[in-house]
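Asker: Chain by chain, the residues run as shown.
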Amino acid sequence: MTAASFDHLRVLIVEDNNHMRALLRSLMTALGIKQVIECTDGAAAYVELREKKPDFVLTDLSMKPIDGIEFTRMVRNAKDSPNPYIPIIMVTGHTERGRVEAARDAGVTEFLAKPITVQNLLLRVAEIVERPRPFVRCATYFGPDRRRHKDDDYAGPWRRQDDITNDLAII
Amino acid sequence: MAKSGNCAREIIPTDHWPALMTARAATEFLDALKSDAVKRRLDRTLSARRHELADVVRQGARRLEDAARRGDVQAVYDEAHEIRGLAGNAGLAASGRIADGLCRYLDTVGQAEAPADSGIVGLHVGSITRAANASDEATRLGTEVDEALRALVRRRLSALSARTHNRA
Chain A
1 MTAASFDHLR VLIVEDNNHM RALLRSLMTA LGIKQVIECT DGAAAYVELR EKKPDFVLTD
61 LSMKPIDGIE FTRMVRNAKD SPNPYIPIIM VTGHTERGRV EAARDAGVTE FLAKPITVQN
121 LLLRVAEIVE RPRPFVRCAT YFGPDRRRHK DDDYAGPWRR QDDITNDLAI I
Chain B
172 MAKSGNCARE IIPTDHWPAL MTARAATEFL DALKSDAVKR RLDRTLSARR HELADVVRQG
232 ARRLEDAARR GDVQAVYDEA HEIRGLAGNA GLAASGRIAD GLCRYLDTVG QAEAPADSGI
292 VGLHVGSITR AANASDEATR LGTEVDEALR ALVRRRLSAL SARTHNRA
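Chains as they are written, first to last, in my numbering: chain A, 1 to 171; chain B, 172 to 339.
Misleading hints may appear alongside valid ones.
As the list claims (entries may be wrong) - Calculated pairs, DSSO-like style, for lysine-lysine (alpha carbon to alpha carbon, straight line, at most 30 Å):
hint	chain 1	residue 1	chain 2	residue 2
1	B	Lys210	A	Lys53
2	B	Lys210	A	Lys34
3	B	Lys210	A	Lys52
4	A	Lys79	A	Lys64
Unchecked claim - So, partial list: chain B residues that the calculated Cβ filter (under 8 Å) puts toward chain A:
hint	residue
5	Leu201
6	Ala203
7	Val209
8	Thr216
9	Tyr248
10	Arg255
To be verified - Calculated Cβ distances over 12 Å to all of chain B for the following chain A residues:
hint	residue
11	Ile33
12	Ile37
13	Asp41
14	Ala44
15	Glu48
16	Arg50
17	Lys52
18	Ile66
19	Glu70
20	Lys79
21	Asp105
22	Phe111
23	Lys114
24	Val136
25	Ala139
Note that these hints are calculated values from the structure, not bench results.
All values reported here derive from a predicted model rather than from experimental measurement.
The beta-carbon is built from N, C-alpha and C at its ideal position, and this holds for glycine as well.
All chains, please: the whole structure from these sequences, using the hints.
Answerer: Listed below in structure tokens is the structure:
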């Protein structure tokens, strides 16, 4: 790769396992990302987010004292958050539906499942660049729109209040 | 900023905050992501780390055995959790699946405030260690052991659930 216009791109890796962190760092370097910041938990990551202003985050789920879910909530909702819109990719081996749903509801942008594969990594990173999602703010949530796909051929039934009103607006 | 529908849900379009990178940088970056050179580099990176991660998993399996011997359930959980996170990229998929099964079992009994069955823990720990050290780890044998352990855990958890229900 020659001197690229994305040389400034900066990623924050939040992972408490040294080996997984080293693997993620190597993978980011292999992608051509030259500025890699590393942290071992959500609290340290929040400090780095303020000081180093990364462009996107790769975070683990389970960490102490502040895990990936709590870190994401802080980024999205804290009054002093330096960038509530930053893309957050959660790297997780957790297969429990409840944990993944909690992470999604905290405002995670993308999930990268362990074991990490080349194809999945490329897809997730491309997704945040190519197809950034609008954000949604409501009484209980602030984060990327959790409804990813708009199917124009979908024949209903509509389940949400704003689906109905949008539908009526088209009529 | 657009308000949607019943006004309870505010949609903030993507142009409301600074883009991740300029359009030119995004094009170059996406081109790079699609290039064979980057895919080859990523493949090489994953391959180069595989042996190192396999060693780490085997060391973890030894610590897991020690923790199980001490009856330290929290340490068992912590080691199994590390193994399930690393094993896939270490080429030790069966160890990872069995470690995942052990974590799920410990999560479930923990939530039910029931003690972990040392027999079930021991079977998982032994299987993780054997799978991590077997040359044909990812073959049928690993899968069969994983499935047998999951069936055993399901039976034990059903029994636990029935006991809890009867007490209530």
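Asker: Of the hints given before, which are not true for this structure?
Answerer: 9, 11, 23, 24 and 25
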